[in-house]
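Chain by chain, the residues:
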Amino acid sequence: MSVLFECKDLVKSYGSTQALRGVNLQLQSGRIVGLLGPNGSGKTTLIKLANRLLQPTSGTLTIDGEAPGTGTKAVTAYLPDKDFLPDWMRTDGLLNFYQDFFPDFDRERAQTMLDSLDIPKNMILKKMSKGTREKVQLILTMSRRAKVYFLDEPIAGVDPAARDYILRTIIGNYQEDSLVIISTHLIADVESVLDEAVFLKQGQIVLHQSIDEIREETGKSVDEYFREVFKC
Amino acid sequence: MLGKLLKYEIRAMGRIMLPLYLVMIFAAGLFAVNMRLGLSGTAKTVVEKFALITGFLFFAAILAVMVVMTLMVVQRFYRNLLGTEGYLMFTLPVTTLQHIVCKALTSLLWIVIGIGAGVLSGFLMVGILSNIPEFMEELQEAWRMFFSTDGLAVRIVLFAVLVIVGIVESVCKVYAAMAAGHQFSGHRILASVGAYIVFGIVELILGTVFSADNKVFGGLVGSVGRAVGNIPNGSMLVFILVALIGVIVYGGLSWYLLDRRLNLE
Amino acid sequence: MKWEFKNGVPIYQQIVEILHMRVVNGTYPPGSRMPAVRELAVEAGVNPNTMQRALSELEREGLLASWRTSGRFVTEDKEKLEALREQLGRQYVEELFQNLRELGFTDDLICHAVQIYSRGEINDSLV
Chain A
235 MSVLFECKDL
245 VKSYGSTQAL
255 RGVNLQLQSG
265 RIVGLLGPNG
275 SGKTTLIKLA
285 NRLLQPTSGT
295 LTIDGEAPGT
305 GTKAVTAYLP
315 DKDFLPDWMR
325 TDGLLNFYQD
335 FFPDFDRERA
345 QTMLDSLDIP
355 KNMILKKMSK
365 GTREKVQLIL
375 TMSRRAKVYF
385 LDEPIAGVDP
395 AARDYILRTI
405 IGNYQEDSLV
415 IISTHLIADV
425 ESVLDEAVFL
435 KQGQIVLHQS
445 IDEIREETGK
455 SVDEYFREVF
465 KC
Chain B
55 MLGKLLKYEI
65 RAMGRIMLPL
75 YLVMIFAAGL
85 FAVNMRLGLS
95 GTAKTVVEKF
105 ALITGFLFFA
115 AILAVMVVMT
125 LMVVQRFYRN
135 LLGTEGYLMF
145 TLPVTTLQHI
155 VCKALTSLLW
165 IVIGIGAGVL
175 SGFLMVGILS
185 NIPEFMEELQ
195 EAWRMFFSTD
205 GLAVRIVLFA
215 VLVIVGIVES
225 VCKVYAAMAA
235 GHQFSGHRIL
245 ASVGAYIVFG
255 IVELILGTVF
265 SADNKVFGGL
275 VGSVGRAVGN
285 IPNGSMLVFI
295 LVALIGVIVY
305 GGLSWYLLDR
315 RLNLE
Chain C
97 MKWEFKNGVP
107 IYQQIVEILH
117 MRVVNGTYPP
127 GSRMPAVREL
137 AVEAGVNPNT
147 MQRALSELER
157 EGLLASWRTS
167 GRFVTEDKEK
177 LEALREQLGR
187 QYVEELFQNL
197 RELGFTDDLI
207 CHAVQIYSRG
217 EINDSLV
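Residue numbers (my numbering), protein chains in the order written: chain A, 235 to 466; chain B, 55 to 319; chain C, 97 to 223.
No wet-lab data here; the hints were simulated from the structure. Each residue gets a CB set at the ideal place from its N, CA and C atoms; glycine is no exception. A few of these clues could be false.
What the hints assert, rightly or not - Beta-carbon label-pair distances, calculated as ranges:
hint : chain 1 : residue 1 : chain 2 : residue 2 : range
1    : A       : Lys360    : C       : Ser128    : 44 to 52 Å
2    : C       : Thr123    : A       : Glu450    : 22 to 30 Å
3    : B       : Arg69     : A       : Glu342    : 22 to 30 Å
4    : A       : Ile358    : B       : Gly261    : 25 to 33 Å
5    : A       : Glu451    : C       : Ile212    : 42 to 50 Å
6    : C       : Pro125    : A       : Arg461    : 54 to 62 Å
7    : A       : Asp352    : B       : Lys58     : 24 to 32 Å
8    : A       : Ile358    : B       : Ser239    : 26 to 34 Å
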């Protein structure tokens, strides 16, 4: 059990808007954590900061004690909520790419998952349906043996069968020494998969508790409690 | 890691540029064959008709190569680093500097190959249109001249270096303009074009400041110029130096903006 | 397909109930090896830590035993399983009585209803 993700007084401003206003957070290995909040609450900003796609305005953020850089990128897996793979590449080309750049990439596992979905080796991404492409992105990301996984809205805009597949893949990929952070506003669907919930409201953390505690203390599901907390 | 990046980048650019270069060489050959047939007088009217087409195709191929090359340099940077692919590239365990160096070197490589393809086309055409023995003799003569004439080899090599550094500078200038334009979300393309123009203006201003006519620096520039004139190939070296400064400035600007001011959509 | 869970009750507790049922009805036969935590978690659609907590609870109750690295095994203690079946059965009967009483059925009517149901004459009136 170690702290794999830590923020201290993390602030991010864009001009006059403050996307994150002093975030303090510690997340441990072996957990699946939900980063929950409405759109614009700062979830994606926090994830981008963790992956060095943004620089903090002030405060610190560390992954396993290190500031984001090439060292942390080798042990962090990020699944953004957009199509981020070059669409002219083929499946096996992508496997080669990931294997080349990420020492922790488990190619066999990825191949097995792709095979079970009947995705051919030489199919070009561009020719795949949106759903298949998203699954490929998920498979590549989850086949990394990373310390921290960031999944940004992995089930938004996805049909129920695919949603099940995605959640099963996340659960099945669980490792004791890694941390999975799922950012979403669709709480009902992921609640049973999470260990902890972090509520993010207007750039600040308003709650960080285990799912069981929330359910016991409020007698409600986290989804219901969330709606209460974030009532407009 | 840089080596791996280069491998992918070279392949990404090559899959478009290589076929195009081959088409250009082929079109050159076709055109030359056509012209040769015309000269030898066989089936004049048919040959003349084709001459128009093959000639057009050849020049179209050259134009296509130049346009596509420029577009490719822009697109590889814009799409792969500033577009959604940036989410992949910037999460690789690779430094920003490695990304820029990789893109610049690959652009340089394919442009140089393009120039080579152009030269090859030229040789091909001359070869087809002239007699082979004569052609080989002339080549050998040129080769001998290259080594015997005083300082010619050095001058040509320096010129090649200038061309190479110049290409890298131009490419970095385009990258810097795109990186700068990227800062203005919503009007990125317009801002990039604007940045490029601003760079040009700044270069012009610096040019007038550092010229011998300048009221303030003129004297200094003049004496430096005279000193340079005394060194063999001095002016060429100065041009190379200026281009190198350009590479450092534009490359550095690109690096800073991508490393510290990245903001992917 | 994911298992169904209701609000207000911790998920691990609901998993314990489901596992109780499965252990008693022979889905996981006595002495047999339980599937791995991860496998069960995937099947149930829950966090592996939650599943682990539920399994540990069953271990604590003596229904499961873990053998170092070879995994978890269902107890062969027939008496224990019988006791659990008895306990669960009693719970359901209690629930039945509670619910029907709340609807205004007397205990006699409840027994009558049960008899009708067991004879398959479900279309007959319960009252």
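Status of each hint after checking the structure:
1. Taking 44 to 52 Å as the suggested C-beta distance range, the pair A/Lys360 and C/Ser128 conforms, at roughly 49 Å.
2. Separated by about 28 Å at the C-beta atoms, C/Thr123 and A/Glu450 satisfy the suggested range of 22 to 30 Å.
3. Between B/Arg69 and A/Glu342 the beta carbon distance is about 28 Å. The supplied range of 22 to 30 Å therefore holds.
4. The hinted window of 25 to 33 Å between A/Ile358 and B/Gly261 is violated, with their beta carbons roughly 48 Å apart.
5. Roughly 44 Å separates the CB atoms of A/Glu451 and C/Ile212, a value that falls within the hinted 42 to 50 Å.
6. The hinted range of 54 to 62 Å is not satisfied by C/Pro125 and A/Arg461, whose Cβ atoms lie roughly 43 Å apart.
7. The given range of 24 to 32 Å is respected by A/Asp352 and B/Lys58, whose C-beta atoms sit roughly 30 Å from each other.
8. Checking the proposed 26 to 34 Å range against A/Ile358 and B/Ser239 shows it holds: the Cβ atoms sit about 31 Å from each other.
Consistency note: the structure conflicts with the earlier hints numbered 4, 6.
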